[in-house]
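*Asks:* Sequence:
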Amino acid sequence: MSGLNMKPGDRLEYFVQVWDNDGVNGPKSARTRSAEFRLPARKELREQLNAQSQSVQNQMSKSAEQSKKLERELAKTEDKLKTKRELNFQDRKQLQDMLEQKQQMDQQLADMKKMFEEMNQRQDQLDPKSQELAEKAKELEKLMETLLDPETKKLYEELQKLLEQQQDQTQPEMQKLLQQLENKENTLQKELERALEMFKQLQFEQKQENAINKLEELAKEQQQLAEQTQQNDKSQQKGPQQQQKQQELQKQQAEKQQEFNEVKQDLQDLKKLDEQLDGENGADEMKDEQQQVDEEMQESQEQLGKNQNQKASQSQQQAGQKMQKMAQQMREQQEEEEGDKQQENIDSLRDILENLLKISFDQEGLMKEFRQVDQTDPRFVQLGQTQRKLKDDAAIVQDSLYALAKKVFQIQSFVTREVGEMNNQMDESLNQIRQRNVGRATSSQQLAMTSMNNLALMLNDALQQMQEQQRQSQQNQQGDGKPGKKKKKGQAAGEGQMGRMQQQLNQQIQQLQQSGKQGRELSEELAKLAGQQQMLREALKELDKMQQQSGGQKGKGQEGQGGTGDLKKLMEQTETDLVNKRLTEETVMRQRQILTRLLEAEKSARERDLDDKREAQTAQAKPPVFPPAFDQYKRQKERQTELLRTVPPALTPYYQREVSEYFQKMK
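Mapping of the sequence shown onto our numbering: residues 1 to 667, in sequence order.
Hint data in this document are derived by calculation from the structure and do not stem from the laboratory. One thing to keep in mind: the hints can contain errors.
[What the hints assert, rightly or not] Computed cross-link-like contacts, DSS-like style, restricted to lysine-lysine with a CA-CA straight-line distance of at most 30 Å:
#1 113 to 43
#2 541 to 287
#3 138 to 271
#4 136 to 341
#5 113 to 407
#6 220 to 271
#7 220 to 581
#8 272 to 407
#9 7 to 220
#10 245 to 306
#11 142 to 69
#12 287 to 220
#13 153 to 93
#14 517 to 581
#15 389 to 76
#16 272 to 325
#17 69 to 407
#18 581 to 245
#19 368 to 176
#20 7 to 214
#21 200 to 271
#22 136 to 68
#23 517 to 568
#24 114 to 407
#25 341 to 407
#26 84 to 102
[Claimed, not checked] Okay, the calculated beta carbon distance ranges per label pair:
#27 122 to 165: 46 to 56 Å
#28 329 to 474: 19 to 29 Å
#29 470 to 108: 30 to 40 Å
Since this is a predicted model, take the numbers as computed values, not measurements. All C-beta atoms in this analysis are idealised placements derived from N, C-alpha and C, irrespective of residue type, glycine included.
Based on the provided sequences and hints, a complete structural model is requested.
*Replies:* Here you go:
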């Protein structure tokens with residue numbers, strides 16, 4: 001049906017008809033009864049997609065639990081083999097049950113992958129993804145494909161063959177095979193956990209992008225409805241026709257209110273989904289802005305019922321502007337969070353890469369030392385302890401890498417498998433060191449170094465990709481006229497920035513006055529300019545609050561001295577003129593006055609900052625002050641030391657001298 005370009009909610013009636021090839025009597029036909037195909041409405045599609053998304057998440061969590069359970073069973077069976085010479089019937093039955101569980105789990109993973117692909121297709125039909133989200137979805141799909149590892153499947157097939165062989169020939173080989181399968185299941189758990197986190201993040205970003213687009217579209221429709229309301233007020237139609245048009249406007253306004261309620265539900269769902277991600281995205285429901293839009297839309301509905309179309313149009317226009325402002329704030333917050341997380345991930349990946357390289361060099365140096373030492377050398381134990389420390393350091397890198405892989409889509413699934421191989425080889429080297437087998441220990445160290453170097457190469461490629469993506473996003477922001485460094489949440493625009501923006505707005509108003517535009521085109525331009533002026537006024541109000549909080553008192557240019565207070569009133573008058581399409585010479589003169597007053601406020605603010613005087617003082621030496629808990633600990637330690645000195649155990653003269661030297665050094 002894709003070639004028909006059907007829209008959500010459309011219905012299609014169809015039938016199938018066939019003809020034969022009777023060349024003598026002529027072709028005869030037969031057809032089936034008519035059937036109907038209905039594409040679900042957008043609301044139904046969203047509900048189905050939400051249910052399908054929840055099913056995918058549940059299946060991932062369930063598969064991870066099954067893999068963890070299977071790993072525990074494999075470990076128990078391996079422990080049994082260490083104390084048994086052969087497996088009894090019950091042990092073999094348990095292994096056979098594990099093989100069946102693995103087959104069921106593989107089928108569930110295949111079904112989950114298919115469900116994810118179908119959900120992606122339906123999402124693209126309903127709301128096409130952006131290029132960035134499409135690439136993330138593709139990477140997640142690749143990760144799901146690797147969950148069904150062919151190598152793991154071969155190991156389970158080998159286990160099946162060993163179960164069919166004679167018992168006395170299978171025990172040593174089976175023990176080694178169970179260890180490999182245990183490591184494979186552990187790796188699968190890590191990949192499933194990563195896939196689940198990446199899936200949640202992808203769904204959040206998809207819902208956020210859809211909510212912003214829907215809010216922007218609804219803002220435009222609301223402003224168009226405001227124009228229709230104003231035109232109906234000026235219409236020459238009287239009687240039933242005007243009343244019918246008025247009812248149609250009320251119906252459309254009610255539909256817009258319902259659509260905005262859906263947007264509010266989307267914002268609430270985003271907040272809940274972000275809580276599942278530990279609040280990493282900083283989702284905000286914007287309840288204050290929601291309440292303002294609801295009040296404007298409700299007021300416009302009431303005014304339409306009273307046939308006060310002029311006031312209703314103004315309320316509708318204000319509602320549209322507030323929705324546009326909400327969409328802009330959400331988009332700015334989205335870009336800010338993405339930029340911050342991107343830089344944080346780059347820094348984390350660079351640290352992991354540096355630590356991994358250090359461990360690799362340390363492992364190489366240790367391997368060379370092992371090749372030069374004999375197993376009877378006292379240094380052998382010390383080198384074994386160094387290998388243990390490297391293993392602990394590698395575990396820290398492993399945890400950091402797993403945590404980062406859940407956030408960064410550029411890191412391939414190769415990571416978890418190679419990290420697992422690195423740990424296995426380091427464990428094997430420790431095992432061989434305990435057995436004083438230098439040759440096999442150095443061989444395992446060499447393989448561990450190979451895994452480290454493979455990881456380093458892959459992480460370096462991922463780091464370059466992330467840096468290139470960051471450069472491209474910064475170039476796109478500069479190309480769109482956005483600053484390279486975004487403002488933090490709640491931060492208002494700087495005074496100098498507002499002055500430039502106000503000057504640009506004045507030029508646009510003057511150009512529009514001279515352009516001679518009329519009708520709908522003029523209304524759209526005026527609404528856009530009114531929205532920009534409102535944003536500047538809100539930014540000025542926010543800046544006043546920040547200065548009052550930081551300064552503690554009002555300085556020059558503040559409301560208390562007739563500065564920005566009157567300035568905001570002038571801006572409100574301009575907004576009223578633009579909404580009511582009153583673009584006169586008085587409006588242009590007022591805009592010049594606003595710009596002059598704003599520049600004066602900026603100058604006074606800069607002078608106030610420069611007048612801050614601070615007197616330097618010479619540093620004074622003060623005795624250190626320790627907390628009471630430390631003093632108590634120090635007294636207890638002294639009492640214990642005195643107790644040891646006053647009641648010494650029966651020691652030989654040699655150890656008595658050693659104890660005396662020890663206490664001397666402690667002093």
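*Asks:* Hints broken by the structure, by number, lowest first?
*Replies:* none
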